[in-house]
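Trainee: Spelled out, the chains give:
There are 2 protein chains.
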Amino acid sequence: MIERIDNYIRDNQDQFVESLTALLRIASISTDKSAAAEMHEAASWVQQRLVACGFAAEIVETAGHPAVLGDSGPADGDGPTVLVYGHYDVQPVGDESLWHTPPFEATLRNGSIYARGAADDKGQVLTHIFAAEAWMKTAGKMPVRVKYLIEGEEEVGSANLGALIESRRKQLACDYVVLSDTAKFNSRTPAITYGTKGMVYKELNLTGPKQDLHSGSFGGTIANPGNVLANIVAGLKDHDQRVTIPGFYDNVRAISPEEQVAMDGLPFDEQVYLAMTGSPALDGEAGFSTLARRWVRPTLDVNGLFGGFMGEGASTIIPACMGAKVSMRIVPDQDPEKISAAFDSAVRALTPEGVGLEIKTHATAAAYVCPIDSPGIKAAAEAVEGGYGARPALIREGGTLPILPLFRQVLGANSIMMGFCEPDCNAHGPNEFFSLADLTNGTRSVARFLDRLAPR
Amino acid sequence: MIERIDNYIRDNQDQFVESLTALLRIASISTDKSAAAEMHEAASWVQQRLVACGFAAEIVETAGHPAVLGDSGPADGDGPTVLVYGHYDVQPVGDESLWHTPPFEATLRNGSIYARGAADDKGQVLTHIFAAEAWMKTAGKMPVRVKYLIEGEEEVGSANLGALIESRRKQLACDYVVLSDTAKFNSRTPAITYGTKGMVYKELNLTGPKQDLHSGSFGGTIANPGNVLANIVAGLKDHDQRVTIPGFYDNVRAISPEEQVAMDGLPFDEQVYLAMTGSPALDGEAGFSTLARRWVRPTLDVNGLFGGFMGEGASTIIPACMGAKVSMRIVPDQDPEKISAAFDSAVRALTPEGVGLEIKTHATAAAYVCPIDSPGIKAAAEAVEGGYGARPALIREGGTLPILPLFRQVLGANSIMMGFCEPDCNAHGPNEFFSLADLTNGTRSVARFLDRLAPR
Numbered sequence: 533m534i535e536r537i538d539n540y541i542r543d544n545q546d547q548f549v550e551s552l553t554a555l556l557r558i559a560s561i562s563t564d565k566s567a568a569a570e571m572h573e574a575a576s577w578v579q580q581r582l583v584a585c586g587f588a589a590e591i592v593e594t595a596g597h598p599a600v601l602g603d604s605g606p607a608d609g610d611g612p613t614v615l616v617y618g619h620y621d622v623q624p625v626g627d628e629s630l631w632h633t634p635p636f637e638a639t640l641r642n643g644s645i646y647a648r649g650a651a652d653d654k655g656q657v658l659t660h661i662f663a664a665e666a667w668m669k670t671a672g673k674m675p676v677r678v679k680y681l682i683e684g685e686e687e688v689g690s691a692n693l694g695a696l697i698e699s700r701r702k703q704l705a706c707d708y709v710v711l712s713d714t715a716k717f718n719s720r721t722p723a724i725t726y727g728t729k730g731m732v733y734k735e736l737n738l739t740g741p742k743q744d745l746h747s748g749s750f751g752g753t754i755a756n757p758g759n760v761l762a763n764i765v766a767g768l769k770d771h772d773q774r775v776t777i778p779g780f781y782d783n784v785r786a787i788s789p790e791e792q793v794a795m796d797g798l799p800f801d802e803q804v805y806l807a808m809t810g811s812p813a814l815d816g817e818a819g820f821s822t823l824a825r826r827w828v829r830p831t832l833d834v835n836g837l838f839g840g841f842m843g844e845g846a847s848t849i850i851p852a853c854m855g856a857k858v859s860m861r862i863v864p865d866q867d868p869e870k871i872s873a874a875f876d877s878a879v880r881a882l883t884p885e886g887v888g889l890e891i892k893t894h895a896t897a898a899a900y901v902c903p904i905d906s907p908g909i910k911a912a913a914e915a916v917e918g919g920y921g922a923r924p925a926l927i928r929e930g931g932t933l934p935i936l937p938l939f940r941q942v943l944g945a946n947s948i949m950m951g952f953c954e955p956d957c958n959a960h961g962p963n964e965f966f967s968l969a970d971l972t973n974g975t976r977s978v979a980r981f982l983d984r985l986a987p988r
Numbered sequence: 533m534i535e536r537i538d539n540y541i542r543d544n545q546d547q548f549v550e551s552l553t554a555l556l557r558i559a560s561i562s563t564d565k566s567a568a569a570e571m572h573e574a575a576s577w578v579q580q581r582l583v584a585c586g587f588a589a590e591i592v593e594t595a596g597h598p599a600v601l602g603d604s605g606p607a608d609g610d611g612p613t614v615l616v617y618g619h620y621d622v623q624p625v626g627d628e629s630l631w632h633t634p635p636f637e638a639t640l641r642n643g644s645i646y647a648r649g650a651a652d653d654k655g656q657v658l659t660h661i662f663a664a665e666a667w668m669k670t671a672g673k674m675p676v677r678v679k680y681l682i683e684g685e686e687e688v689g690s691a692n693l694g695a696l697i698e699s700r701r702k703q704l705a706c707d708y709v710v711l712s713d714t715a716k717f718n719s720r721t722p723a724i725t726y727g728t729k730g731m732v733y734k735e736l737n738l739t740g741p742k743q744d745l746h747s748g749s750f751g752g753t754i755a756n757p758g759n760v761l762a763n764i765v766a767g768l769k770d771h772d773q774r775v776t777i778p779g780f781y782d783n784v785r786a787i788s789p790e791e792q793v794a795m796d797g798l799p800f801d802e803q804v805y806l807a808m809t810g811s812p813a814l815d816g817e818a819g820f821s822t823l824a825r826r827w828v829r830p831t832l833d834v835n836g837l838f839g840g841f842m843g844e845g846a847s848t849i850i851p852a853c854m855g856a857k858v859s860m861r862i863v864p865d866q867d868p869e870k871i872s873a874a875f876d877s878a879v880r881a882l883t884p885e886g887v888g889l890e891i892k893t894h895a896t897a898a899a900y901v902c903p904i905d906s907p908g909i910k911a912a913a914e915a916v917e918g919g920y921g922a923r924p925a926l927i928r929e930g931g932t933l934p935i936l937p938l939f940r941q942v943l944g945a946n947s948i949m950m951g952f953c954e955p956d957c958n959a960h961g962p963n964e965f966f967s968l969a970d971l972t973n974g975t976r977s978v979a980r981f982l983d984r985l986a987p988r
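Line by line, the protein sequences are chains A and B.
The working numbering applies: residue 533 is where the first sequence begins, and numbers increase by one.
The working numbering applies: residue 533 is where the second sequence begins, and numbers increase by one.
Only chain A is shown next, with the shape it has when bound in the complex (with noise of 0.2 Å):
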């Protein structure tokens, strides 16, 4: 059976492309308060999909943005049940004129498909819509039952999620949770990712003088907005960039000697991963590798700092006000909640009187990691190294994935992440990009994943 599906995926290549291009086409920015219509249009079409391969699938209204639920329905014997999650928002483009390509336009070239949400999520969900169409088309029903959970709200912090699965929780009773939001290890290997960073996100606003100040006519006697500004955000991080708020890093898990080792093994190349990024160095937290600055330590990054003048040349003003964004990725067994109101009791506490503060907290979620040894993550792994002809890496992720404590607690269920997208993806910078042989291997993968569950 498995070579007929095979069959079915390349001789589907132009089709599967075609819709994932008109999916792309769709300007689904969850960041965006007059996107309502776009995030729309790309929830119906995920649910259509769905129900073109002869799933149930519906739109479940949130708070937010609307969520798809879908289901295959009851497989032969006795076989788990697997819930794929995705989600079909995406980022904001940022700076447009960096676009080779328009975000929007999804571009084919050099045998990647270009465009916002090409690897993020939009292409690694289709991967498992067009392995379960394999699948419908090739055996006319699945092996195991699946069902779909494909979000709108993933890069704004899941907000309405657990409402929703609390609410729904035995409609999406299941086994384990498959989800493809990760990334290979490098192009050559495919990942299985088995932890996740968690995190909070704050917005910092500054008030000093009414409105913007002549800087000669009162500099020096009153706080400028942007001096505070960069000196509380200079203070929350030490010279050895240890972050310095008050414990911060108390309930931090410290690295397994399993997880250790498994690390240690990796191909990891410090110089090809710096040449990726662009940075001239690498820098991080003294006293650890740079793997284990990204898996399994916590960091605290500026996203974007605002305020004053911005505009060319110069224009001599104290400003009125000023700006930050600041996250922070945190890790086992670090609570999101008190990790917020420490941030905000050390950043009050690095706040002169003579300016006025706001904190905003955008989001904050916790870290994720499950069992390296589960039946679920070595079928997965079997799956993958099938699907690519290459033996997949277990490793862990600094990226956010808010929903997996979630689906533990309320489903009781661990998660699965099978990564198909390039690590230098460009997923929240410009010209994303999912490859077309990722987007193969990966239904590929997952067509395997589900023919290895059903019971034989």
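Be careful, since some hints might not be right.
The calculated DSS-like cross-link candidates involving lysine-lysine, where the alpha carbons are at most 27 Å apart (straight line), are [what the hints assert, rightly or not]:
#1 A:Lys870 x A:Lys769
#2 B:Lys673 x A:Lys742
#3 B:Lys565 x A:Lys769
#4 B:Lys673 x B:Lys910
#5 B:Lys892 x B:Lys742
#6 A:Lys769 x B:Lys769
#7 A:Lys702 x A:Lys673
#8 B:Lys769 x B:Lys910
Hints in this document: simulated from the structure, not taken from any laboratory.
Given the structure is predicted, the values throughout are model-derived calculations rather than measurements.
Keeping the supplied structure of chain A fixed, place chain B upon it in accordance with the hints.
Mentor: Showing chain B alone in chain A's frame:
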């Protein structure tokens, strides 16, 4: 004669306001490279106005924006020659939504005219032209010879004015330079300003990864230009708000006992000043009074920060680049070029190898101070007392007039600053204004100043 002149000024107020309105409606923003037409239009307006007074006047092109030169021609007797200096260029408008009426509409309300450039410097320049007009229309001649130099690059550092003065040294020969580009001491007290701060204006541009990267996948492993920028800016000052740049204070001239006495005698109310700024608290270099910080101590201020995700909501990126506008106001006898170089060295020393750094210098200008007891200062103080019916304060100013040290060096003339605008006139901020009372009293003061200089 001075009564007839006062009457002319009183009777022509409407015409003066109409003329000022016409000039204010020209958006002569010198930082804006697309405003070349408006710059020429404003220069031409000033030139024609001088011609209308019966003076010779020409537009002189420079490597940047043009300047206007005028000359009343020789006067009777052996009185001194006065050079009126001013500028027709204005600051950018900043956030236009903060303006209650459009910045280039010039709206009259509550006895003031609101527009970008109303106080800084178009309204104040016109007091000199209106006073000359009053003399010419009333007496038919000027009491002393008056020359005019109205430039278009004051707000961008007067980069081409030095060359112009050098090349027109004979044409501009004078005994005093007089200008009105400073403020009154408070609403009731006009001011003669005898010193200004200099300026060194810098822009820092940091580059990290070749493009915005996913802060989860890459966080903690490369230098984040946003965190680095905060570290650099924070590193330029210590906890006492003293600038940490090595050698920064080496040549700072201590305040003289005479100046200290004069400063201590001024009716300065810190709470009124604080309320004017709208800041929650005063702040500044430890060990100095608010007035000392404003007038005699050098300062370092952030004028703007920019880069990364600056939109609504959250985007989880490590920014590819990040920038800051940072300016210093320097005092006698700090050398702007030495301070500029010391700043660059200090910033480089604070920059880790994980980011690229580019430093732009937008402006350097020396500070200026002139003897408090010169005959010109005395004549000006008496003239302003007559024009306003209130004794002026003798003060220094935190703002920068790069041209003053040049006038002294090239023309051998000291500069007298008669300040007619309100201290909270919002120069450089939104809702800049100039009151009609100050327009009238300023014009009366200038007319008297010329009278006092005439030979008896």
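Trainee: Could you grab the alpha-carbon distance between Lys870 (chain A) and Lys769 (chain A) and see if it respects the 27 Å cut-off?
Mentor: 18 Å, holds
Trainee: Has the given pair, Lys565 (chain B) with Lys769 (chain A), been kept, meaning a C-alpha gap of at most 27 Å?
Mentor: Since the Cα atoms of Lys565 (chain B) and Lys769 (chain A) sit roughly 40 Å apart, the hinted pair is violated (cutoff 27 Å).
Trainee: Keeping to a limit of 27 Å between CA atoms, is the pair of Lys673 (chain B) and Lys910 (chain B) held or broken?
Mentor: Roughly 24 Å separates the two Cα atoms, so the pair holds.
Trainee: Can the restraint linking Lys769 (chain B) and Lys910 (chain B) be considered satisfied, given a maximum Cα separation of 27 Å?
Mentor: Status violated; Cα separation ~40 Å.
Trainee: When you check the alpha-carbon spacing of Lys892 (chain B) and Lys742 (chain B), does it fall within 27 Å?
Mentor: Holds - the C-alpha atoms of Lys742 (chain B) and Lys892 (chain B) are around 21 Å apart, at most 27 Å.
Trainee: Lys673 (chain B) and Lys742 (chain A) were given as a pair; does the straight-line alpha-carbon distance stay at or below 27 Å?
Mentor: Not satisfied, since the Cα-Cα distance of roughly 47 Å exceeds 27 Å.
Trainee: With a cut-off of 27 Å on the C-alpha distance, tell me whether Lys769 (chain A) and Lys769 (chain B) pass.
Mentor: Holds, at roughly 17 Å.
Trainee: Is Lys702 (chain A) within 27 Å of Lys673 (chain A), Cα to Cα?
Mentor: 23 Å, holds
The structure does not agree with the numbered hints 2, 3, 8 stated previously, though it agrees with the rest.
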